[in-house]
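Add chain B to chain A, keeping to what the hints say.
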Amino acid sequence: MSVADYTTRHRRGIAAGAVAVVALAALAALFDLPVADLLTVGTFERALRAATPIALAAIGGLYAEKSGVFNIGLEGFMIFGALSGAAGAWLASGSGSVGQADLWVGVVVAVVVCTLLTAIFAVLTIRYEADQIVAGLAVWFVGLGFGPFTATVLWDGVSSPSLPNIDNVTVPVLAEIPVVGRVLFDASPLVLFTILAAVAAWVVLYRTRYGYWVQAAGENPEALDTAGVDVNRVRYGAVLFSGAMAGLAGAVLSIGIGSGFTGTGVTMVDGRGWIAIVAYLFGNYNPLGAFGASLLFGATDMLQVQFQTVGISLPGSIVGLFPYVAVLVVLTLVGYTRVPAAVGEPYDTEE
Amino acid sequence: MLRATVVERFAIAVAATLLALVLGAVIVAASGYDAVEFVSALLYGAFGTRSNVAFTLRQSTMLVLAGVAVAVAFRAGVFNIGVQGQFVVGGFATAVTVLFLAPHLPTGAVGGVALIVLGTLAAILAGGAYAALPGLMKAYADANEVITTIMLNFIASGVVFYVVDSYLRPAGASAPNTENFPEYVALPSVVFDSPSFSVVGLAVALATVVAVYVVMARTRFGYDLVTSGHQEPAAAYSGVDPKRNVVATMTFSGMVAGLAGAVFTVMILGYYSDPSTFPRFGFDAIAVSLLAANNPLGVVPAGLLFGGLDAGGQYIGFTLDVPPELVDGVVGLVVLFVAAPELFRMAGRRTGLGGNSAEARPGRTESDGGDEP
Chain A
328 MSVADYTTRH
338 RRGIAAGAVA
348 VVALAALAAL
358 FDLPVADLLT
368 VGTFERALRA
378 ATPIALAAIG
388 GLYAEKSGVF
398 NIGLEGFMIF
408 GALSGAAGAW
418 LASGSGSVGQ
428 ADLWVGVVVA
438 VVVCTLLTAI
448 FAVLTIRYEA
458 DQIVAGLAVW
468 FVGLGFGPFT
478 ATVLWDGVSS
488 PSLPNIDNVT
498 VPVLAEIPVV
508 GRVLFDASPL
518 VLFTILAAVA
528 AWVVLYRTRY
538 GYWVQAAGEN
548 PEALDTAGVD
558 VNRVRYGAVL
568 FSGAMAGLAG
578 AVLSIGIGSG
588 FTGTGVTMVD
598 GRGWIAIVAY
608 LFGNYNPLGA
618 FGASLLFGAT
628 DMLQVQFQTV
638 GISLPGSIVG
648 LFPYVAVLVV
658 LTLVGYTRVP
668 AAVGEPYDTE
678 E
Chain B
26 MLRATVVERF
36 AIAVAATLLA
46 LVLGAVIVAA
56 SGYDAVEFVS
66 ALLYGAFGTR
76 SNVAFTLRQS
86 TMLVLAGVAV
96 AVAFRAGVFN
106 IGVQGQFVVG
116 GFATAVTVLF
126 LAPHLPTGAV
136 GGVALIVLGT
146 LAAILAGGAY
156 AALPGLMKAY
166 ADANEVITTI
176 MLNFIASGVV
186 FYVVDSYLRP
196 AGASAPNTEN
206 FPEYVALPSV
216 VFDSPSFSVV
226 GLAVALATVV
236 AVYVVMARTR
246 FGYDLVTSGH
256 QEPAAAYSGV
266 DPKRNVVATM
276 TFSGMVAGLA
286 GAVFTVMILG
296 YYSDPSTFPR
306 FGFDAIAVSL
316 LAANNPLGVV
326 PAGLLFGGLD
336 AGGQYIGFTL
346 DVPPELVDGV
356 VGLVVLFVAA
366 PELFRMAGRR
376 TGLGGNSAEA
386 RPGRTESDGG
396 DEP
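Top to bottom, those sequences are chains A and B.
The letter at position 201 of the first sequence is residue 528 when you use the numbering used here, and the numbering goes up by one with no holes.
The letter at position 32 of the second sequence is residue 57 when you use the numbering used here, and the numbering goes up by one with no holes.
It is possible that some hints are incorrect.
If you only want the chain B side, here are some residues facing chain A, beta carbon under 7 Å, derived [unchecked claim]:
{"no.": "1", "residue": "188"}
{"no.": "2", "residue": "301"}
{"no.": "3", "residue": "303"}
{"no.": "4", "residue": "353"}
{"no.": "5", "residue": "357"}
{"no.": "6", "residue": "365"}
{"no.": "7", "residue": "367"}
Which chain A residues face chain B? A few, computed with CB under 10 Å, are given here [unchecked claim]:
{"no.": "8", "residue": "451"}
{"no.": "9", "residue": "456"}
{"no.": "10", "residue": "463"}
{"no.": "11", "residue": "464"}
{"no.": "12", "residue": "474"}
{"no.": "13", "residue": "527"}
{"no.": "14", "residue": "601"}
{"no.": "15", "residue": "619"}
{"no.": "16", "residue": "658"}
{"no.": "17", "residue": "661"}
{"no.": "18", "residue": "676"}
In short, the hints are calculated from the structure, not lab data.
No experiment lies behind these values; they were computed from the predicted model shown.
In this text, a Cβ means the ideal position worked out from N, Cα and C, and glycines have one as well.
Just chain A, with the same shape it has in the complex:
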């Protein structure tokens, strides 16, 4: 593919990028923003932390959609992940003081619970041909109901008590590297894991036979079937993976970087599952692109802190809306990405 080809295919994405850069520059000039003060190591660190849950869910979601099942229930599965992570850690500690080992038990519980719940979603959408959008919305509603419900059963309130979060890991030697060392090697292990997951997801999707199957299941299931591969099995695999990743993303929110489950309003997930979907659309279904987009949303999420440090006073309730506005801007500029051809269509083998 030549450069010209590439630019034609990604014209809108590039246009969006250019518009974003120009807009940011204009804003900086207009308000006389101290740009250098905004772009610090701390900015990047915070953006990366905020991006972690979004990126994990996005990577899982893009596998599911690549395979032909739009897992629009990511937000709901994240709620279940956040809850079961906190609940797992709390129960593992014997309802007392939660230690590091208990937190890791919580992470495992979140992944297992969400994988099991996604199995139900997968059976309904793949075997019983449920409408994927409606079923995904249902997962959200079920999460909004049963998340706080379970929290109340466990803790007598829609939120969990305050829990510790997973300690940062400092990699010796590597942590000494300026900037990169502090951001990557003296950070939450989940941040590092997310970066590795993004790279691994890219390699598997574009460089392995299984990745080829996933793509074929979403683009041309008939051909995959003819080649003797069970389309629905590939789809089950990809959907279960998306559920596991959403579960992990939820656990990251509640016990990875947060301090317990919050079940008020639309819960602590607060739209990040929806943002994850936009992140992988923006990243054009490429795991690395999805990671980059998550970083962008993570950065908008953290603008509040940034603005405070440089003394720009905007009300917090308004700055808190920036990620949602960013999603709208991105969706409007990027618009239609080429969705895998067979997304949303159940595949029946003609036996």
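Positioned in the frame of chain A, the structure of chain B alone reads:
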């Protein structure tokens, strides 16, 4: 989705609701509560006393209105998940109109009626305008309306909260509430003596159902809207501009959602507050509309059912120590099961109940409901 005959649909709706309720009861039992007590409290909370019935009808009024808003869009193959946001913006427009015009209009019944009518018009306009945004984004930029409308829900709540909290809160008040409306801006209590329910509100909801039904079934606009939901090529062939149709559909849907906001503000609140504390009628309405197979008339029984569930659920929250959020979960389960009609078809075939549905398949009609876009 939902390709089925009317009878089959009705059976699916009933089966989905029953299955969800049974699962809810099982979860109650598994959490260590008494399931029988739960069910009887649910029924008592919904219908047990006159004031419980009033509460059920109040919730139903809101769910019917919001449900019709959802149904309008779904029928045209557009997913308006933003009814909650349009409802919030609409109600806010009502509150602002009433509060700002009240000093300039006569007090008493005449002023009250004028303020309510003007406030409602403002809500309809605001709701329609707010829904037009995602419509424009979908039509002209291919932005997925499921996601844009959800984002606009968050934005509506955030911005309205900010405005109410910073500009409309009376000096010295600690809660983010506007001033109360003048006493004469209220719907009359007829039949039920309840401060937050009026039969007039229910009548408005039912009149809206009829009006929307007539528009959908008897006008060119409604015909274009439904045709493009089912058969876009056919609609385009008959001269419908699909882009304009998407915007019109969303706007129409948002106008109904705005009206729901006006009824909520005038009938239930009598002031305005932080929208994130409001009931999520706009979301439950999705369940209502799906259960009604996106038929405006079907929204009435579905809205009554969910209104009863809601009232019963809140009663449970007050009396038993079963968390009321359970009912939200059950509503979600209903949506999940309604999304998978094939589940019930297969179950029906296996058990021999309704076994003719398999044979009925070739003859099933696809002309009367919200198919997927």
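Each hint, compared with the structure:
no. : hint : verdict
1   : 188  : violated (10 Å)
2   : 301  : holds (5 Å)
3   : 303  : violated (11 Å)
4   : 353  : holds (3 Å)
5   : 357  : holds (3 Å)
6   : 365  : holds (3 Å)
7   : 367  : holds (4 Å)
8   : 451  : holds (5 Å)
9   : 456  : holds (5 Å)
10  : 463  : holds (9 Å)
11  : 464  : holds (6 Å)
12  : 474  : holds (8 Å)
13  : 527  : violated (27 Å)
14  : 601  : holds (5 Å)
15  : 619  : violated (19 Å)
16  : 658  : holds (4 Å)
17  : 661  : holds (8 Å)
18  : 676  : violated (16 Å)
Figure legend: structure checked against the earlier numbered hints; hints not met, in rising order: 1, 3, 13, 15, 18.
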